[in-house]
Amino acid sequence: MSETVYEVRDVQQTYGGRTVLRIPHLEVRQGEVLSVLGPSGAGKSTLLRLLALLEAPARGQVRFHTGARWVTHDTAAVDDRRQITMVFQRPVLLSRSVQANVRYGLRVRGERDAHARVEAVLRRVSLDRLAQAHVRTLSGGEAQRVALARALVLEPRVLLLDEPTANLDPANVGLIETLIREQHAQSGTTIVLVTHSIFQARRLATRVALLIDGELVEVAPAPRFFDAPQDARTEAFLSGEFVF
Amino acid sequence: MLALIYTGMGLPPVVAGLFVYVLFSRAGPFGSLGWLFSMRAMIVAQTMLATPLIAGITMGSITSVDPDLRPQMHALGATPWQAVSTIALEARFGILLSVIAGFGAIISEVGAVMLVGGNIEGRTRVLTTAIVLETRRGHFALALALGVILLGLSFVTNSIIMLGQGRGRWRP
Ligand SMILES: Nc1ncnc2c1ncn2[C@@H]1O[C@H](COP(=O)(O)OP(=O)(O)OP(=O)(O)O)[C@@H](O)[C@H]1O
Ligand SMILES: [Mg+2]
Numbered sequence: 001m002s003e004t005v006y007e008v009r010d011v012q013q014t015y016g017g018r019t020v021l022r023i024p025h026l027e028v029r030q031g032e033v034l035s036v037l038g039p040s041g042a043g044k045s046t047l048l049r050l051l052a053l054l055e056a057p058a059r060g061q062v063r064f065h066t067g068a069r070w071v072t073h074d075t076a077a078v079d080d081r082r083q084i085t086m087v088f089q090r091p092v093l094l095s096r097s098v099q100a101n102v103r104y105g106l107r108v109r110g111e112r113d114a115h116a117r118v119e120a121v122l123r124r125v126s127l128d129r130l131a132q133a134h135v136r137t138l139s140g141g142e143a144q145r146v147a148l149a150r151a152l153v154l155e156p157r158v159l160l161l162d163e164p165t166a167n168l169d170p171a172n173v174g175l176i177e178t179l180i181r182e183q184h185a186q187s188g189t190t191i192v193l194v195t196h197s198i199f200q201a202r203r204l205a206t207r208v209a210l211l212i213d214g215e216l217v218e219v220a221p222a223p224r225f226f227d228a229p230q231d232a233r234t235e236a237f238l239s240g241e242f243v244f
Numbered sequence: 001m002l003a004l005i006y007t008g009m010g011l012p013p014v015v016a017g018l019f020v021y022v023l024f025s026r027a028g029p030f031g032s033l034g035w036l037f038s039m040r041a042m043i044v045a046q047t048m049l050a051t052p053l054i055a056g057i058t059m060g061s062i063t064s065v066d067p068d069l070r071p072q073m074h075a076l077g078a079t080p081w082q083a084v085s086t087i088a089l090e091a092r093f094g095i096l097l098s099v100i101a102g103f104g105a106i107i108s109e110v111g112a113v114m115l116v117g118g119n120i121e122g123r124t125r126v127l128t129t130a131i132v133l134e135t136r137r138g139h140f141a142l143a144l145a146l147g148v149i150l151l152g153l154s155f156v157t158n159s160i161i162m163l164g165q166g167r168g169r170w171r172p
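The listed protein sequences correspond, in order, to chains A and B. Each residue of the first sequence is one higher than the last, beginning at 1 in the working numbering. Each residue of the second sequence is one higher than the last, beginning at 1 in the working numbering.
One chain only, chain A, in its complex shape:
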């Protein structure tokens, strides 16, 4: 069995006294594409923020393996956190050029050969002609690709994607899905992909988790999840009968 990158144990997350996430156990393995499905408000983004080590759980532990040791939100060093990159559900770009946005993560790391890497990634996301453009002038799909590019350029070990294709047209959805697939195939990046879309999970995931009301209903390899779901709620969700 492949290495474990994350171990989530007895985790609860609470906002203003309300528990929005309860996960007794979840592992993320090296090199997999774990898709997290679930209706709105299920706690998907909350789970990603915990995996990004951006917040500490109210209870339990989210442990990340750096390759050398286990760390948590409280013990991770900057270099440990830099193995993980997240694209947020509603990306906020700096009010600067496309190029400056994509360069950001390299700059904070003090990287020297930033220019070539920025150019290469901009070509990958088909934004090379807009490198100098101010992000204010971008379309929704272009802005989303900048958000993805500024993460991809860092060649992270773990890529957390929060609904990277929400509200996009089919062409942009296709482009972004291809980028995710390529990233996984070429670099073996571990990817956790939050999505509303069953179809997207089918196209990209190696394993799928279903989150409803803060609870993990089912976690299974993609083929089994879609073809032989064990939980009645999974069946309902897949057939679109799930009442939100």
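What the hints contain is simulated information worked out from the structure, not anything from laboratory work. A portion of the hints provided could be inaccurate.
Chain A stretches covered by chain B per the calculated footprint, using a threshold of three residues with CB under 8 Å from any CB of chain B [unchecked claim]:
1. 48-58
2. 76-85
3. 89-96
4. 101-109
5. 149-162
Among chain B residues calculated to face chain A with C-beta under 7 Å, some are [unchecked claim]:
6. 12
7. 27
8. 64
9. 66
10. 68
11. 69
12. 74
13. 76
14. 77
15. 78
16. 79
17. 82
Restraint-style ranges between C-beta atoms, simulated for each label pair [claimed, not checked]:
18. 77/A to 68/B: 42 to 50 Å
19. 33/B to 17/A: 28 to 36 Å
20. 121/B to 112/A: 57 to 65 Å
21. 34/B to 110/A: 47 to 55 Å
22. 90/A to 3/B: 27 to 35 Å
23. 92/B to 197/A: 34 to 42 Å
24. 151/B to 137/A: 32 to 40 Å
25. 79/A to 92/B: 23 to 31 Å
26. 39/A to 68/B: 18 to 26 Å
27. 112/A to 122/B: 55 to 63 Å
28. 32/B to 112/A: 55 to 63 Å
29. 88/B to 90/A: 19 to 27 Å
A virtual CB, placed ideally from N, CA and C, is assigned to each residue, including glycine.
Please build the complex by placing chain B with the ligands on the supplied structure of chain A, with the hints as guidance.
The following block gives chain B with the ligands in isolation, referenced to the frame of chain A:
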């Protein structure tokens, strides 16, 4: 704190002047320093006027930066300090504006400097108080000329601030 800053932003200069006057007058708590009718008292009064303006406008522009920006910068590998400086850079126009507003307030100020400086020739007379004096004496041409110089100074200073900002390259 916020209420204090906002009150300070609308502080009538004469009131600030009066306050400083009382502080530094013979019988006041800092009377023994002998700062009244000197540049020092004027600087204290001007600082009292400019600080709330700069603090208030800077705070306003910082809080207008999207609060979701910060965690996203962290997720891209920024240290806490790098994230904070990124936010300050996003608010750069507001911060610049605060400096210009602060400068504009004190360069054009008459009441407080007149009160605590005493408009003493060669020592505490400034352009604005000189204009008041010359107008009263009926030397309108001189007063007007001084006014033009004041405007010019303000224009040049603001231009320099703006230019400096334009050239300021970003280094996280
Ligand atoms: N910072 C916060 N403060 C208070 N409540 C929060 C916070 N973040 C999330 N919540 C609440 O936690 C619950 C789960 O939110 P979360 O954003 O994780 O859901 P989600 O599955 O990502 O939903 P969506 O598909 O709509 O993005 C929601 O009820 C939300 O209101
Ligand atoms: Mg969400």
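Status of the hints after comparison with the structure:
Figure legend: the region 48-58 of chain A, annotated as covered by chain B; annotation consistent (3 residues with Cβ-Cβ distances under 8 Å, at least 3 required). Requiring three or more residues with a Cβ within less than 8 Å of a Cβ of chain B, the coverage given for the region 76-85 of chain A holds, as 5 such residues are present. With 6 residues having a Cβ less than 8 Å from any Cβ of chain B, the region 89-96 of chain A passes the three-residue criterion, so the hint holds. As drawn, the region 101-109 of chain A meets chain B at 5 residues by the rule of a beta-carbon pair under 8 Å; at three or more, the given contact holds.
Chain B is given as covering the region 149-162 of chain A, and this holds because 4 residues of the stretch bring a CB closer than 8 Å to a CB of that chain, at least three being needed. Of the supplied interface hints, the one on residue 12/B is violated, with its beta-carbon coming no nearer than about 36 Å to a beta-carbon of chain A, more than 7 Å. Taking 7 Å as the C-beta contact cut-off toward chain A, the hint placing residue 27/B at the interface is violated, the least distance being around 54 Å. Hint status for residue 64/B relative to chain A: violated, with the closest Cβ pair at about 12 Å, above 7 Å.
Checking residue 66/B against chain A: minimum C-beta separation of about 5 Å stays under 7 Å; hint holds. This hint holds: residue 68/B has a C-beta 5 Å from the nearest C-beta of chain A, less than the 7 Å allowed. Hint status for residue 69/B relative to chain A: holds, with the closest Cβ pair at about 5 Å, below 7 Å. For residue 74/B, the shortest C-beta to C-beta distance to chain A is roughly 6 Å, which falls under 7 Å, so the interface hint holds.
Satisfaction of the interface hint for residue 76/B is found here, the shortest Cβ-Cβ separation to chain A being roughly 4 Å, below the 7 Å cut-off. Contact between residue 77/B and chain A, as hinted, is supported at the beta carbon level, the nearest pair being about 4 Å apart and thus within 7 Å. Below 7 Å, beta-carbon pairs count as interface contacts, and residue 78/B has one with chain A at about 5 Å; its hint therefore holds. Annotation: residue 79/B was flagged as interfacial toward chain A, and the flag holds, the nearest CB pair being 6 Å apart, inside 7 Å.
Checking residue 82/B against chain A by beta carbon gives a least distance of about 5 Å; that is within 7 Å, so the hint holds. Taking 42 to 50 Å as the suggested C-beta distance range, the pair residue 77/A and residue 68/B does not conform, at roughly 24 Å. Evaluation of the 28 to 36 Å hint for residue 33/B and residue 17/A yields a failure: the beta carbon distance comes to about 54 Å. In this structure, residue 121/B and residue 112/A meet the distance hint of 57 to 65 Å, their C-beta atoms being roughly 60 Å apart.
Between residue 34/B and residue 110/A the beta carbons are some 53 Å apart, a value that agrees with the proposed interval 47 to 55 Å. With their beta carbons about 33 Å apart, residue 90/A and residue 3/B fall inside the hinted range of 27 to 35 Å. Between residue 92/B and residue 197/A, the C-beta spacing of about 39 Å keeps the proposed range 34 to 42 Å intact. Distance hint check for residue 151/B and residue 137/A: the Cβ-Cβ separation is about 37 Å, which falls inside the suggested range of 32 to 40 Å.
Judged by the Cβ atoms, the range 23 to 31 Å given for residue 79/A and residue 92/B holds: they are separated by roughly 29 Å. For the hinted restraint 18 to 26 Å between residue 39/A and residue 68/B, the CB-CB distance of approximately 22 Å keeps it satisfied. Distance hint check: the CB atoms of residue 112/A and residue 122/B are about 57 Å apart, consistent with the given range 55 to 63 Å. Against the hinted window of 55 to 63 Å, the Cβ-Cβ separation of residue 32/B and residue 112/A comes to about 59 Å, which satisfies the hint.
Taking 19 to 27 Å as the suggested C-beta distance range, the pair residue 88/B and residue 90/A conforms, at roughly 22 Å.
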